[in-house]
Amino acid sequence: MKNLILLFVLCPLLIFGNDKKTLSKIKEVTVYLNGASITRTAACDLAAGASEITLSGLSTKIDETSIQISGLQAVTILAMSYNINFMPIVENKTASRPLQQRLTAIETEVAVLKNNISGLEEEEQVIYANRLISARTQGLNLEKLKEISTYYRQRITAIKNAIFKANLEIKKLNTETRIVQRQMTELNNTPEKEQGEIKIKFDAPIASRLNLIVSYQVQDAGWIPNYDIKSKDINTPLFLSYKAHVYQKTGNDWNNVYIILSTGNPNINVAKPNLGTKYLNFTNGYKNKNVNITKKSRYVYNPAVRQVTGTVIDESGAPLPGASILVKGTTNGTQTDFDGHFSIHIQNGQKLMVSYIGFRPEELPIYSSVMNIRLDEDMEALNEVIVTAMGVKREKRSLGYAVSSVDASQALQGKAAGVHISNSNGIRIRGASSLNGNSRPLYLIDGVIKEEFEEGDLDMDEIQSVEVLKGNKALALYGSRGSRGIIVITTKKSSVQDDVTSTKFVIKKPYSILSDGDITAIEINTFKLDAKYEYFAAPIVNENVFLTTTFSDWEQYNLLPGEASIYFKGTYAGKTTIDPYTTKKEMTISLGIDQNITVTRKQNKNFKSKSFTGSNRTLERKYDVAVKNNKAVAIDLKLMDRIPISQQKEIKVDDIETDDADYETKTGLLTWKVNLDPKETQTKSFSFQVKYPKYKRISI
Numbered sequence: 001m002k003n004l005i006l007l008f009v010l011c012p013l014l015i016f017g018n019d020k021k022t023l024s025k026i027k028e029v030t031v032y033l034n035g036a037s038i039t040r041t042a043a044c045d046l047a048a049g050a051s052e053i054t055l056s057g058l059s060t061k062i063d064e065t066s067i068q069i070s071g072l073q074a075v076t077i078l079a080m081s082y083n084i085n086f087m088p089i090v091e092n093k094t095a096s097r098p099l100q101q102r103l104t105a106i107e108t109e110v111a112v113l114k115n116n117i118s119g120l121e122e123e124e125q126v127i128y129a130n131r132l133i134s135a136r137t138q139g140l141n142l143e144k145l146k147e148i149s150t151y152y153r154q155r156i157t158a159i160k161n162a163i164f165k166a167n168l169e170i171k172k173l174n175t176e177t178r179i180v181q182r183q184m185t186e187l188n189n190t191p192e193k194e195q196g197e198i199k200i201k202f203d204a205p206i207a208s209r210l211n212l213i214v215s216y217q218v219q220d221a222g223w224i225p226n227y228d229i230k231s232k233d234i235n236t237p238l239f240l241s242y243k244a245h246v247y248q249k250t251g252n253d254w255n256n257v258y259i260i261l262s263t264g265n266p267n268i269n270v271a272k273p274n275l276g277t278k279y280l281n282f283t284n285g286y287k288n289k290n291v292n293i294t295k296k297s298r299y300v301y302n303p304a305v306r307q308v309t310g311t312v313i314d315e316s317g318a319p320l321p322g323a324s325i326l327v328k329g330t331t332n333g334t335q336t337d338f339d340g341h342f343s344i345h346i347q348n349g350q351k352l353m354v355s356y357i358g359f360r361p362e363e364l365p366i367y368s369s370v371m372n373i374r375l376d377e378d379m380e381a382l383n384e385v386i387v388t389a390m391g392v393k394r395e396k397r398s399l400g401y402a403v404s405s406v407d408a409s410q411a412l413q414g415k416a417a418g419v420h421i422s423n424s425n426g427i428r429i430r431g432a433s434s435l436n437g438n439s440r441p442l443y444l445i446d447g448v449i450k451e452e453f454e455e456g457d458l459d460m461d462e463i464q465s466v467e468v469l470k471g472n473k474a475l476a477l478y479g480s481r482g483s484r485g486i487i488v489i490t491t492k493k494s495s496v497q498d499d500v501t502s503t504k505f506v507i508k509k510p511y512s513i514l515s516d517g518d519i520t521a522i523e524i525n526t527f528k529l530d531a532k533y534e535y536f537a538a539p540i541v542n543e544n545v546f547l548t549t550t551f552s553d554w555e556q557y558n559l560l561p562g563e564a565s566i567y568f569k570g571t572y573a574g575k576t577t578i579d580p581y582t583t584k585k586e587m588t589i590s591l592g593i594d595q596n597i598t599v600t601r602k603q604n605k606n607f608k609s610k611s612f613t614g615s616n617r618t619l620e621r622k623y624d625v626a627v628k629n630n631k632a633v634a635i636d637l638k639l640m641d642r643i644p645i646s647q648q649k650e651i652k653v654d655d656i657e658t659d660d661a662d663y664e665t666k667t668g669l670l671t672w673k674v675n676l677d678p679k680e681t682q683t684k685s686f687s688f689q690v691k692y693p694k695y696k697r698i699s700i
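Its first residue numbered 1, the sequence shown is counted upward by one per residue in this note's numbering.
Because the hints were derived from the structure by calculation, they are not lab data. For glycine and all other residues, C-beta sits at the position ideal for the given N, C-alpha and C. Each hint should be verified, as a subset may be incorrect.
As the list claims (entries may be wrong) - Using C-beta positions, here's what the derived DEER-type ranges look like:
| hint | residue 1 | residue 2 | range |
| --- | --- | --- | --- |
| 1 | Q101 | T65 | 29 to 39 Å |
| 2 | L72 | L173 | 25 to 35 Å |
| 3 | S699 | T550 | 30 to 40 Å |
| 4 | R601 | E315 | 13 to 23 Å |
| 5 | S316 | T65 | 27 to 37 Å |
| 6 | D659 | S316 | 12 to 22 Å |
| 7 | D339 | D376 | 17 to 27 Å |
| 8 | E452 | H341 | 51 to 61 Å |
Start from the sequences, fold in the hints, and give me the full structure.
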């Protein structure tokens, strides 16, 4: 009996060691295109046996099923729960200190009462077990049985009464907690704030100190690809700044944390589809369209967009006037004008629905303030419509930091005259003596002069590009200090990790991102591209001349569809959209309209337009396209037009004259490479003949 009483005394201590709130800190955040993964660290001391800690002050947007905990050593998790509590925001700490102390005291009292309840419940279980054992193993007379039964009854009753009173006391303390919290709210004149809490119950074989790593997924966060395209002049390299616009409204500020940007989307259903058998049977004759196919999602909603402008065109590039534009789930809509242009303000909603009679409707996330949309013709003659998600097969190639040091040095070799790179001691730049005798050149690292920079201070993996400035160019920038020559080094802002299904950009410096939904711009990297510049005109669809730049090998930069701001000669030139999904070997970007070059397209009125031969009608067309260079310098211009292609055997296109154009017979596209001297005008002509049944109509 003495041993039994001793067990009753020790039970409360064995069941619960401590029940306390534990501070945690955000270590890093992986931001997905939609959602984020938070990694926190927390240090806690556990007594031997069972104990409980609470991680408070967390986001209210946590996906409970995503919570993971590591760093447990030999400790076992007995239970874990996620809850949302209302916590007052404390501003006047001095006046609210007594209230905060009372809250702490209440938490202690509640913890002691819970320990007592656990001990009493354990004692109750021991009594039940001991009663059964005693009845089976001992021969008891009637008097002894009455004595034991009386003890069990009295003790069980006392235990239940004690548990009942303890629960009542806990209920009173919880009520007092709410009263004190309201007093703190009134004292600070601030609203209560929702906060998430993770409660974890542990079982430790011995007293332990744990450095826990807690990770979980949150909603209302993400990043949008964004670009700056800068060009100083024609025939100069193009600088492409790859940026991320990061936003979050998780309820917690991310203060001075390391950011990883991932191209993945954990919210997408990754379960593979199951394909069943297709059984044929007689139908009622109506066309059967497969409406259950899910199209591949390539674009990501951009919550920062407040207005969308763009053009709706058909497969040939011709504008579609009167196309309907509607923000999905709202009554907010508009139509395209005669040139296919549209503009719509976005108040709410995340997708645009675009439709036009005779074309398949398109539904796209609002991913940019500039959205040019192509609609495909709806082939009603087909009994079934099969939609396939077309993609671009890209061989993912990493930047210099993902290849060997030898490969990286070879990639940089020759990019700047007189610079040689050695891998023996990191990166070492040779050829400084060729700049100005034996004088030490000026080093410019990420736009900052480094007086004490020594060769080898930067590791190979940190280098993005190296450039040498000499002579007048160096003097113009830094005066006499540039007389020794300038070595310009640009470092990488991030490193790249290629996973199986996504790419991660590990940002090198920490950032603070407030939980207010505002955009924080993070530079991923800036790339110097060898670009070709060319003027472009296609007057059949737009009577403006555009300056374009084309570059290749863009796949290695892991670009995503996004909005781009264009700067030409130091001046903002407008916005465009970079869409690598629609680009193949080369990417062409428009730098804006040049008003000093004009192009006109006119039909030759002297050419016979109509004639009749039997049951056929013949249309003859001739067009003159004139281009004038009003600039003071010579230019190269790519001029395009087209000859229609027949899709019916009754419509024949022949007698084609293309002048000196390159003619693609499959597409009907005409291309001229025009070299124009200053103030020069050139005219290009082409003609064709169309024959078709006179009782039908066509549109040329």
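Hints, one by one, checked against the model:
1. Q101 / T65: 29 to 39 Å: holds, 37 Å
2. L72 / L173: 25 to 35 Å: holds, 31 Å
3. S699 / T550: 30 to 40 Å: Given range 30 to 40 Å: holds, Cβ gap about 33 Å.
4. R601 / E315: 13 to 23 Å: Check passed, 21 Å falls within 13 to 23 Å.
5. S316 / T65: 27 to 37 Å: violated, 49 Å
6. D659 / S316: 12 to 22 Å: With a Cβ separation near 21 Å, D659 and S316 satisfy 12 to 22 Å, so the hint holds.
7. D339 / D376: 17 to 27 Å: holds, 20 Å
8. E452 / H341: 51 to 61 Å: With Cβ atoms ~56 Å apart, the hint holds.
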